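Reading the sequence shown from the start, the letters are residues 414 to 527 in the working numbering.
Keep in mind that the hints were calculated from the coordinates and are not lab data. It should be emphasised that the depicted structure is a prediction, and the values quoted were computed from it without experimental measurement. Backbone N, C-alpha and C fix where the C-beta goes; we use that ideal spot for every residue, glycine too. Certain hints may be false.
Distance windows between CB atoms, simulated [what the hints assert, rightly or not]:
no. : residue 1 : residue 2 : range
1   : 482       : 423       : 42 to 48 Å
2   : 423       : 500       : 50 to 56 Å
3   : 414       : 466       : 56 to 62 Å
Derived EDC-like pairs (lysine to aspartate or glutamate); straight-line CA-CA distance at most 20 Å [said to hold, decoys possible]:
no. : residue 1 : residue 2
4   : 502       : 458
5   : 484       : 498
6   : 415       : 458
7   : 415       : 467
8   : 484       : 458
9   : 484       : 467
10  : 502       : 475
11  : 484       : 460
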Amino acid sequence: MKRISVLMLVAVTLLTSCVVIPPGRDHRSEGVMIAPILPSVVVLESEPYYYYSDYHYHYTNDRWYYSQSRKGPWAELPRDRYPKEVRYKGKGGKHDRGRYDDQRDGDRDYDYRR
Numbered sequence: 414m415k416r417i418s419v420l421m422l423v424a425v426t427l428l429t430s431c432v433v434i435p436p437g438r439d440h441r442s443e444g445v446m447i448a449p450i451l452p453s454v455v456v457l458e459s460e461p462y463y464y465y466s467d468y469h470y471h472y473t474n475d476r477w478y479y480s481q482s483r484k485g486p487w488a489e490l491p492r493d494r495y496p497k498e499v500r501y502k503g504k505g506g507k508h509d510r511g512r513y514d515d516q517r518d519g520d521r522d523y524d525y526r527r
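Kindly generate the complete structure, drawing on both the sequences and the hints.
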């Protein structure tokens, strides 16, 4: 009798651990999508969107999101699929600089010790 109750307890535990929960509606996609790994170097234009292998990718705040449509729904890209390097076309490395930083560029290189 104890053996059957232990087996039932193990069976119930295993069955409840395999419950599938549907995806949420907050910045997540419906269904399962598997996006391909991005190339090692991604070059972005003026907008932070990238199209590769029938998927749209969006880069913001050092995170990547992907979708089959540019309108969404977007899902967060797993970190093992991130590119090794992100470059910006025609920006010269100043893609995240604000207007105040751009105004003070001349002061940054000035030597005030004289």
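Return holds or violated for the Cβ distance of residue 423 and residue 500 against the range 50 to 56 Å. Hint holds: Cβ distance 53 Å, inside 50 to 56 Å.
Assess, step by step, whether the Cα of residue 484 is no farther than 20 Å from the Cα of residue 460, and give holds or violated. Holds: residue 484 and residue 460 sit about 14 Å apart, inside 20 Å.
Please verify whether residue 484 and residue 467 have alpha carbons no more than 20 Å apart. 14 Å, holds
Pair hint outcome, residue 484 versus residue 498 [Cα-Cα no greater than 20 Å]: Not satisfied, since the Cα-Cα distance of roughly 25 Å exceeds 20 Å.
Measuring from beta carbon to beta carbon, are residue 414 and residue 466 in 56 to 62 Å? 58 Å, holds
Next pair to validate is residue 502 with residue 458; report whether the Cα-Cα distance is within 20 Å. Given pair residue 502, residue 458 holds - Cα atoms ~5 Å apart, limit 20 Å.
Given a hint of 42 to 48 Å, does the C-beta separation of residue 482 and residue 423 actually sit inside it? 44 Å, holds
Check whether the Cα positions of residue 502 and residue 475 lie no farther apart than 20 Å. 17 Å, holds
20 Å Cα cutoff - pair residue 415, residue 458: Status violated; Cα separation ~67 Å.
Holds or violated: residue 484 to residue 458, with C-alpha atoms at most 20 Å apart: Roughly 18 Å separates the two Cα atoms, so the pair holds.
Assess, step by step, whether the Cα of residue 415 is no farther than 20 Å from the Cα of residue 467, and give holds or violated. 56 Å, violated
Taken one by one, the earlier hints fail for this structure at numbers 5, 6, 7, listed in ascending order.
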